[in-house]
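Undergrad: Sequence:
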Amino acid sequence: MEVVELHVVYEPDEEGWVRATIEEIPSVITCAPTRGEAGVAIRDALNEWLAALASGTTATSGQELARETLTLSVA
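Quick note, the sequence shown lines up with residues 1 to 75 if you use the numbering used here.
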């Protein structure tokens, strides 16, 4: 099994909470009152994102969408 490192970025938001994002997956984002809580929440958000990816769940929009499948090989 290959180990992949992801980088969490913590920054204050406009309300004084801590926003956490994953640098490599910008769509995984969360906020919490403290950095510790944001660290837990970003792991939960990543698990949700991965579960949606594995289940084939996709976001929908009121607009007509075009989609294609990309297959990537990780060296």
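Bear in mind the hints are in silico, worked out from the structure with no lab data behind them. Think of the CB as a built atom: it goes at the ideal place given N, C-alpha and C, for glycine as much as any other residue. Among these hints, one or two may not hold up.
What the hints assert, rightly or not - Just the calculated beta-carbon pair ranges, DEER-fashion:
hint	residue 1	residue 2	range
1	49	17	18 to 26 angstroms
2	47	15	20 to 28 angstroms
3	13	43	15 to 23 angstroms
4	64	2	13 to 21 angstroms
5	3	44	16 to 24 angstroms
Undergrad: With reference to the structure, classify each hint as holding or not holding.
TA: We went through each hint and held it up to the structure:
{"no.": "1", "hint": "49 - 17: 18 to 26 angstroms", "result": "holds, 20 angstroms"}
{"no.": "2", "hint": "47 - 15: 20 to 28 angstroms", "result": "holds, 25 angstroms"}
{"no.": "3", "hint": "13 - 43: 15 to 23 angstroms", "result": "holds, 19 angstroms"}
{"no.": "4", "hint": "64 - 2: 13 to 21 angstroms", "result": "violated, 37 angstroms"}
{"no.": "5", "hint": "3 - 44: 16 to 24 angstroms", "result": "holds, 21 angstroms"}
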